[in-house]
Amino acid sequence: MNRHLDLVIGALIAIMFATMLLVVFPYAQLADLKPPKGLKPYTEAQLRGRAVYIREGCLYCHSQQPRDPKQTPADMARGWGRPSVPADYVNDRPPLLGTMRTGPDLFNIGARQPSRDWHLVHLYQPRAVVPGSIMPAYPYLFRHAREGAPGQVEVNVPDKFRTTGAGSIVATRDALDLVEYLKGLDHTYPIRVEDAESDTTGAPK
Amino acid sequence: MTYIGVLLAITFVFSVAGLFVFVWTLSSKTPAEQQHDAEVIFQDVGQVEEPAGTTSQEAALQAHMTHSDTHPSPISAAELAALDRSSRVPFLAFLYGAMGWLIIGSIAGLIASLKLHFPDWLVEQPELTFGRIRTLHLNAVAYGWSAMAALALALWLFPRLLRTPLVGARFAVAGAAFWHMGLFLGITAVVLGWNGGMEWLEIPKPFTPLLVLGGALVGIPLVMTLVRRQVDHLYVSVWYLSAAVIWFPILYLIANLPGVHFGVQAALVNWWYGHNVLGYFVTPVAVGTAYYLIPKVLGTPIASYNLSLVGFWALALFYGQAGVHHLVGGPLPTWVVTVGVVASIMMAVPVIAFAVNHGLTMKNHWRALKHSPTLRFAVVGAVGYVGSSIEGCFEALRSVSTVMHFTHATVAHAHFGLYTFFSFIMFAGIYFAVPRVLEREWPYPKLIVWHFWLAFVGMLIYVIGLSIGGVLQGMAMVDEKRPFMESMLLTIPYLQSRSIGGGMMVLSHLVFVAHAVLLAFNRGPQRTGPALFHKAAA
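Residue numbers (the numbering used here), protein chains in the order written: chain Z, 1 to 205; chain B, 1001 to 1538.
To be clear, the hints were calculated from the coordinates, so they are not data collected in a lab.
Interface residues of chain B toward chain Z, partial, derived using beta-carbon atoms under 8 Å: (1) Thr-1129; (2) Phe-1484; (3) Leu-1489.
A virtual CB, placed ideally from N, CA and C, is assigned to each residue, including glycine.
Sequences are here, hints too, so could you generate the full structure?
Listed below in structure tokens is the structure:
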């Protein structure tokens, strides 16, 4: 018996089987998902901000997928929002579901914290607004200027948390874009029955 | 819903039927034939072999093992040395590259770990921010250290297992060059701010063809050697190693198809791939290596050769679907998650097969660990495989996942698997193989002891501490009466202990690599000539 052929064929069958189940079937099932009515397409600035989110690795500490209250009531109780459904992510390439919650879930951070200024201070120095936070500071998303100029967005950082003395702290475009993206993370719109069809939890339709 | 049920039923029937068919084909062999198959790896059955040990350690090992059944097998030490020489250049090219990535990757890991409890440390340079350093760590240890060490050992094992000199070694050397180039460019891109955006797939797509090409070029000599083999029987390690080499390029190619994957479907592909890098590449290489090393050092065939092959097919059938357990509770069709959970739990089958088999092989020989550095690393690795896999089965359960998912416990689990299991078996393989390939002994046996204990204790601190911290974090997170901040703050002592454990692991790697470099450049005391020959000549 030509055993190395058995081996190769067996190995190929195994991986084809896994690929059919986890890649091909879900592709077929999800390919014609329509965006929910309330889901707005990303703006240019939000897409640039999303790229900053990816570049700086935000997804290694923040998820974007609140769980169903039937699995754990905590996610919704914390104000993270309704359980997400596949249709919520149709505009996302790549998806940023995340697998860690070193920090909180951000699926609805835009609804929870709509203030641009809060986000800018928080990015410059998280501990200025959230004492005890272990999120890294991102001073490199800001510039120091002698004085603010028109059209620039100055950040009001408490003196204690400033890394330089005098002058203004000005947000770079990256910081502003990122905040645009975060503020746009608002999935509080209602979900139609057909969007929730493939809801993982089998929630009442 | 009916179609989901049918699908699940088909999955199950297919998997179980596959196993039965395989067991049936095995039963056509008599026990004596199976015994013969299991002995294919030995020079002399009943002769211990420990090239990483000192002469006295090896003598003690031989004295400890009282073999009832000893007989020579047809391959001589000189023939084996010739086989090792055939794979020498590509083996060393992959191996020393892997060591370089191990150092870079583990230092990056330590920096990332420290940053979690010193959040204002090294924040001025974008290249050093947590999100980039962590990604540097993951890619360097996964594609640099793990993949390259695995390929190095596969290149060394194939000629030995097939009793055929490696055919076309220069393809593998070219493969090493392409792999290095792709990885170096890819990781540099990530650090400079060009990230593919999915975990385990951060290397930007333009660089991935270099890795695919590198992998394919390694595949050529392995396949050619397999086809021209001079043994009748393919030892179980060959099954595991060949399957890994077949599986990885397919996985990587499908996951990186440009412009195909979208939304949650891409997330699914992400974890189908991310977990299969472990299940279909790293795990089979390490399991295959363990099936070679443990019996080889002891001079005793594996307890049940049949069981090892059953384990192989169970792994092939179940592991491929297990990855979805990373998305339990996520926004995906219910049936997909269920498939993932079922497959993850079924993974207990190959793992128990492995545990029983190696447990029986080691039975009455635990004291041999004292005499053999290779065995010490390999057995910790084997225990790590069983432990981390069984933990993985439980973590896939929805109730357990609810607490442990999204926490540092997952990170601890990943290190339990990739470090305690995989890396320890790679260390064992390297300690065994390099003296054979270079025909010199490790110059300072004490450094092997230091490496072992620093890595072992560091790993225990890392895995145990962070697992506890992660579970506590998860319990706080699902308790809506406790503020979210509590789940973050309570992890800090465990993050600190992780840095201590991680620091010890980094130190152990420095010892290990320095020792390997001394050996390569023939520095340090020469002990008893080429490692192989003080025993084989006897």
